[in-house]
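Asks: Once you know that position 111 of the sequence shown is 255 in the numbering used here, the rest is easy, because the numbers rise by one and skip nothing.
It should be emphasised that the hints constitute simulated quantities derived from the structure, not laboratory data.
One should not assume that every hint holds.
[As the list claims (entries may be wrong)] Have a look at the derived ranges for each label pair, beta carbon to beta carbon:
1) Leu501 / Met281: 46 to 52 Å
2) Ser496 / Glu269: 22 to 28 Å
3) Lys259 / Arg452: 31 to 37 Å
4) Arg399 / Arg329: 53 to 59 Å
5) Ile435 / Asp353: 55 to 61 Å
6) Glu462 / Ala494: 45 to 51 Å
Quick reminder that beta carbons are idealized off the backbone N, C-alpha and C, glycines included.
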Amino acid sequence: MRQASVTVFVSVMTAEVLLGWLLITYLAGLQQSDVRKAAECLETLAQGDVHSAQEYRFGDPLLQDSLRGLSDNLANLMAIVSQSLEKVQQACRNLSELARGANASAGQIGHLMKKIAEGASLQTELVEQTSGLIQDMARSIQRASVSAEDAARSSREAASVAQSGSRIAGQAVEEMRGVFEGVERYAQRVVEFGEKTKEISAIVRVITDVAQQTHLLAINATIEAARAGDAGRGFAVVAEEIRQLAENTSRSADRINKIVEEITTGSTEAVEAVRASSQRLDQGRQHLSAIMDALNDIVASVTSGSDRVQIISRLAREQIAGAQQSVEAIQNISAVASRNAAATNDISNAVSEQSRLLLDVTRHVEQIEQQARLLQQRIAAKGDHQGDG
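With the hints as constraints, model all of the structure from the sequences given.
Replies: Right, dumping it as structure tokens:
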């Protein structure tokens, strides 16, 4: 900007000088005094003393008007250049302030980017550590999944064995129920046999009573036959036979009665034994029912445990998939963090370079401002000198 202003100023001055030489050519035909005054006026204008140049008086009105217009134009041009230089200085000051502010902001940004770069590096390290931990967790979950699969397989086998045992136990219970029913039927028959034995004993008692009465009747008949003498001898023989038959019947009835008593005693013992067996069978049935309930509970527990283990195995597989996805996500985050760290370093370097360039711009702007100020001071000094003159 400084170079451009000086170039404009020099160009204008050169144009004025050329115009002056044209005037000199014009003045060649004028008076010698006007030519000398015109040369002095042009020299005064070349030195920038506009006011002094305006003090010259010429005999030729055209020359007077031309030099007066030249001095006025030069004065206006110097005023415009002075104003432009003032604007240039103000723009340079503003630009310098902006450059300083931008430099300060760039410094702050560089400091922040440095911290961000350090944080990105730390983030990368933490992400790598987290990735290692998640990978270890994934391996642990993998081992847990294998154990869960083994447990699920064992649980399924245990459930199958328990169900088979339950079926076998059910068959055994059904067979025992058949045995219990057979024993109960046998006990019922023993009881019925005891009742029949009692009936036999009652019949034997009737037979014994009849035999005793027959024996008494035979004795009475023998007595009556003895009283009858020879006429009753045949009847006496029959009565004797009847008495002996009655005695034999009575003895047979006694033996039958003894046998019946023995049978009754054995039957009673058998009935008591059967009843005791029935009680034990009832207890056994209750125990079998309890065993069946326990087996059913075991089957239900094993089945439930197998289902839960299978659920755990499924959850373990899902956790493995989730852990693998987490590992992939962490790896992606690690890659992004690494790229962010590299980009942050690049930005920090770019900010440092920008800060250096801003310092150079500030230095050049200050130099332009200084040159413009010096030029304005020179123009102002010319104006002050003219005012004093």
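Asks: Indicate, hint by hint, whether the structure satisfies it.
Replies: Hint check:
Distance hint for Leu501 and Met281: a CB-CB separation of about 50 Å, consistent with the stated range 46 to 52 Å. Range check, Ser496 to Glu269: about 24 Å between beta-carbon atoms, so the 22 to 28 Å window is met. Look at Lys259 against Arg452: about 52 Å separates their beta carbons, and that is not inside 31 to 37 Å. The beta-carbon spacing between Arg399 and Arg329, approximately 32 Å, falls outside the hinted interval of 53 to 59 Å.
For the pair Ile435 and Asp353, the beta carbons lie near 57 Å from each other, so the given range of 55 to 61 Å is met. Range check, Glu462 to Ala494: about 47 Å between beta-carbon atoms, so the 45 to 51 Å window is met.
In this structure, the hints that do not hold are numbers 3, 4, in rising order.
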